[in-house]
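Asks: Listed here are the chains, written in short residue letters.
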Amino acid sequence: MSAQKFRTCPATGLKIYSSAETLIQINAVTAIVFLLVGGLTAIGLLLTRWQAVHLLDDVLFYRALTLHGIAMLVAWIVFFEMAILYFASAVLLNCRLATPFIGWLQYILMLVGAGLTAVMIILGQADVMFTSYVPLQAAHWYYLGIILFAVGAILGCCVFFGTIGLAKHEKTYEGSMPLVTYGAMCAAIIAILTLATGALTFIPTWLWAAGLIPMMDAELYRLMFWGFGHSTQQINVCAMVACWYLLGTLTVGAVPVNEKVSRAAFALYVLFILIASEHHVLVDPGLSAAHKTWNTGYFMHLAVLASMIHAYSCPAATEVALRKKGYTKGLFEWLKKAPWGDPGFSSLWISMFGFGWIGGITGVIYGTEQLNIIVHNTLRIPGHFHATVVVGTTLAFMGITWYVLPLIFRREVIFPGLARIQPYLFGVSMCVFSVAMIMAGVSGVSRRSWDMNGMDGPFQVDFGPMTDLFLAIMGVAGILAILGGALYVLLAVGTLLIGKKIEG
Amino acid sequence: MSIQAIKPGWWQKPLDGQEKIWLSIAFVWCLAITIIMPWWHVVGDHNMSGEYHKITGGDFSMLTDQFIEKYQVGMDEGIPVVVPPANSDIFLRGAQWEWDPVLKLKAGSTYRLHLSSIDVNHGVSIQPVNMNFQAVPGYDSILTITPTTKGEYRIICNEFCGAGHHAMIGKLIVE
Chain G
2 MSAQKFRTCP
12 ATGLKIYSSA
22 ETLIQINAVT
32 AIVFLLVGGL
42 TAIGLLLTRW
52 QAVHLLDDVL
62 FYRALTLHGI
72 AMLVAWIVFF
82 EMAILYFASA
92 VLLNCRLATP
102 FIGWLQYILM
112 LVGAGLTAVM
122 IILGQADVMF
132 TSYVPLQAAH
142 WYYLGIILFA
152 VGAILGCCVF
162 FGTIGLAKHE
172 KTYEGSMPLV
182 TYGAMCAAII
192 AILTLATGAL
202 TFIPTWLWAA
212 GLIPMMDAEL
222 YRLMFWGFGH
232 STQQINVCAM
242 VACWYLLGTL
252 TVGAVPVNEK
262 VSRAAFALYV
272 LFILIASEHH
282 VLVDPGLSAA
292 HKTWNTGYFM
302 HLAVLASMIH
312 AYSCPAATEV
322 ALRKKGYTKG
332 LFEWLKKAPW
342 GDPGFSSLWI
352 SMFGFGWIGG
362 ITGVIYGTEQ
372 LNIIVHNTLR
382 IPGHFHATVV
392 VGTTLAFMGI
402 TWYVLPLIFR
412 REVIFPGLAR
422 IQPYLFGVSM
432 CVFSVAMIMA
442 GVSGVSRRSW
452 DMNGMDGPFQ
462 VDFGPMTDLF
472 LAIMGVAGIL
482 AILGGALYVL
492 LAVGTLLIGK
502 KIEG
Chain W
100 MSIQAIKPGW
110 WQKPLDGQEK
120 IWLSIAFVWC
130 LAITIIMPWW
140 HVVGDHNMSG
150 EYHKITGGDF
160 SMLTDQFIEK
170 YQVGMDEGIP
180 VVVPPANSDI
190 FLRGAQWEWD
200 PVLKLKAGST
210 YRLHLSSIDV
220 NHGVSIQPVN
230 MNFQAVPGYD
240 SILTITPTTK
250 GEYRIICNEF
260 CGAGHHAMIG
270 KLIVE
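Heads up: the sequence lines are chains G and W, in that order.
All the letters of the first sequence, read from the start, carry residue numbers 2 to 505 under this note's numbering.
All the letters of the second sequence, read from the start, carry residue numbers 100 to 274 under this note's numbering.
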């Protein structure tokens with residue numbers, strides 16, 4: 002087994018084994034394909050919610066919305082995270098990948114699962130939205146697809162842990178593992194725990210849809226689903242923060258200010274956010290106020306503390322690195338002279354800004370018991386998570402791509418000038434999109450609705466011209482963001498196909 | 100470097116002064132918001148009462164029908180309009196894709212609003228005051244409400260409940 006093929010990266014000196022390299026490549030490419038699917042559905046959704054345009058009919062709108070959630074939040078992000086896990090273990094630890102055949106099984110199961118789920122949605126057998134709250138029912142194949150996908154992802158985490166064990170056993174590194182690997186490990190721990198919760202939720206639901214067992218209690222499902230659904234977002238947070246540290250190092254050579262603090266913060270994510278998922282059911286019956294307050298207060302805010310710590314450590318690390326380069330004049334010379342033309346660096350900063358200042362702050366506010374009453378299921382919610390998952394996680398992953406392409410795919414990025422503007426086009430317009438969506442939600446416009454005015458209903462609703470204005474801003478910014486996303490897909494795929502090969 | 104293994108001893112490295120200040124601010128802030136939420140639950144006026152019990156869709160439907168029969172005063176767009184007395188139990192039934200009945204309440208009076216769904220999950224979004232609650236099948240969620248502002252309100256379903264979701268709009272009147 003130890004005779005696996007490897008090459009040595011001329012830029013970093015890291016040993017890259019071909020088994021890990023192929024799996025990183027194939028997972029990353031599949032992720033981008035699903036990003037494209039999600040982006041296509043986004044066009045229809047955006048131009049329908051922009052009430053003045055109202056493009057799709059109702060059936061198509063709900064179908065596209067279900068597919069958008071699955072393609073983006075599940076497929077794109079998790080496939081990319083598998084690539085990150087293999088990168089953070091095998092490549093960063095200078096080690097061969099443990100049990101590459103299980104890595105392939107991970108890929109095949111996830112592909113079949115995501116494909117099955119997507120096909121069921123497209124066929125109209127699963128118009129149940131991303132959350133699939135029972136008693137709404139999809140064809141049982143839909144749930145099976147999600148279960149297969151989750152099993153695949155668990156296998157990917159196992160390969161990751163196996164590789165860490167192997168690296169330790171074969172002494173391919175000395176001392177403690179790198180911070181990025183540590184962050185990825187926290188993500189993998191959360192992943193295994195949440196995916197297990199997901200299995201507990203979806204396996205009974207699948208059997209129910211197949212007609213074998215009675216339905217799970219509707220409120221229990223909601224609680225269980227969010228034990229899986231929101232905690233999986235913490236995998237994304239962990240992976241994203243690991244990417245922030247990685248980008249800091251790749252772009253300006255940043256060194257973590259204090260490893261102890263950064264690592265402790267990652268551990269806080271693992272310990273606390275997992276259980277703090279009751280902020281989704283704050284206005285539901287079924288749980289006492291004390292239960293909800295304890296869960297969303299104490300448990301959630303300790304995880305918020307972790308984000309607050311990273312909010313200091315990540316920018317501070319880049320500041321220290323830039324000051325070491327000699328940009329020491331005044332308070333902000335380092336910021337002015339920072340490499341803003343490097344798409345990795347601009348992605349990092351826009352990602353940190355959007356995640357923290359828009360997504361994080363709104364998230365903490367919406368998770369309070371009383372304020373949730375004016376927030377629950379309005380457009381404020383998707384406004385919040387487009388700031389966290391799209392500006393935050395997605396942009397961080399996009400930023401990493403500009404380094405993965407030369408390092409792992411050994412291709413020079415085509416049209417570097419366009420790559421330079423991509424983070425600004427995508428990130429800034431996505432920030433505007435999120436804020437406009439939140440503002441439309443402030444006036445009470447509900448999420449997941451084809452027609453906010455209720456034209457087909459017994460009574461009509463008028464939200465006023467201000468809401469129309471915010472929806473129009475959301476529409477325009479959304480189109481710019483979709484262009485930014487399309488630019489990313491074009492540049493990434495173009496580089497793979499026609500980018501100049503790098504020898505070594 | 101965050102991508103390189105680090106030598107032992109990193110746990111002993113002391114915190115930087117600025118880092119200490121930031122950590123303290125962050126910790127105090129998290130503590131503050133953790134305390135404010137339960138504190139507001141005690142002193143604030145806008146809280147879920149947290150009262151509920153389990154009920155079958157059939158039973159809830161029966162209770163709603165009895166309630167409508169007792170207090171109905173007319174019809175509005177095919178939906179019964181009811182005028183319940185103050186301090187009474189009132190019912191709002193969610194079903195694909197209709198809210199009924201239309202409730203006519205008195206400003207300043209207090210009611211116990213029973214909320215449930217007889218099929219799938221529905222969202223209760225009262226506009227334009229923008230207050231949102233969840234109607235879950237199998238659960239009777241009881242809210243103690245005192246309407247303060249006169250006017251006509253809409254009850255919009257804001258949880259996806261199937262093909263006719265966007266047409267599920269009810270009415271609430273406060274006089």
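Keep in mind that a hint or two might mislead.
Simulated pairs of lysine-lysine, PhoX-like, Cα-Cα distance not exceeding 25 Å [stated by the list, open to error]:
hint : chain 1 : residue 1 : chain 2 : residue 2
1    : W       : K169      : W       : K153
2    : W       : K112      : G       : K261
3    : G       : K325      : W       : K112
4    : G       : K169      : G       : K16
5    : G       : K326      : G       : K337
6    : G       : K172      : G       : K16
7    : W       : K270      : G       : K325
8    : G       : K325      : W       : K119
9    : G       : K261      : G       : K169
10   : G       : K172      : W       : K106
11   : W       : K106      : G       : K169
12   : G       : K337      : G       : K325
13   : G       : K6        : G       : K16
14   : W       : K119      : W       : K169
15   : G       : K326      : W       : K112
16   : W       : K203      : G       : K169
17   : W       : K205      : W       : K270
18   : G       : K261      : W       : K119
19   : W       : K153      : G       : K16
Calculated from the structure, these hints are not laboratory results.
Asks: Does each hint fit the structure? Answer for all of them.
Replies: Quick rundown of the hints versus the structure:
1. W/K169 <-> W/K153: Distance ~24 Å between W/K169 and W/K153 Cα, so the pair holds.
2. W/K112 <-> G/K261: holds (8 Å)
3. G/K325 <-> W/K112: holds (20 Å)
4. G/K169 <-> G/K16: holds (16 Å)
5. G/K326 <-> G/K337: Distance ~13 Å between G/K326 and G/K337 Cα, so the pair holds.
6. G/K172 <-> G/K16: holds (14 Å)
7. W/K270 <-> G/K325: violated (65 Å)
8. G/K325 <-> W/K119: holds (22 Å)
9. G/K261 <-> G/K169: Holds, at roughly 21 Å.
10. G/K172 <-> W/K106: Satisfied, since the Cα-Cα distance of roughly 14 Å is no more than 25 Å.
11. W/K106 <-> G/K169: holds (14 Å)
12. G/K337 <-> G/K325: holds (15 Å)
13. G/K6 <-> G/K16: holds (10 Å)
14. W/K119 <-> W/K169: Answer violated: W/K119 to W/K169 is near 66 Å, above 25 Å.
15. G/K326 <-> W/K112: holds (23 Å)
16. W/K203 <-> G/K169: violated (71 Å)
17. W/K205 <-> W/K270: Distance ~14 Å between W/K205 and W/K270 Cα, so the pair holds.
18. G/K261 <-> W/K119: holds (13 Å)
19. W/K153 <-> G/K16: Violated, because 60 Å separates the two Cα atoms, which is more than 25 Å.
Against the hints set out earlier in the document, violations occur for numbers 7, 14, 16 and 19.
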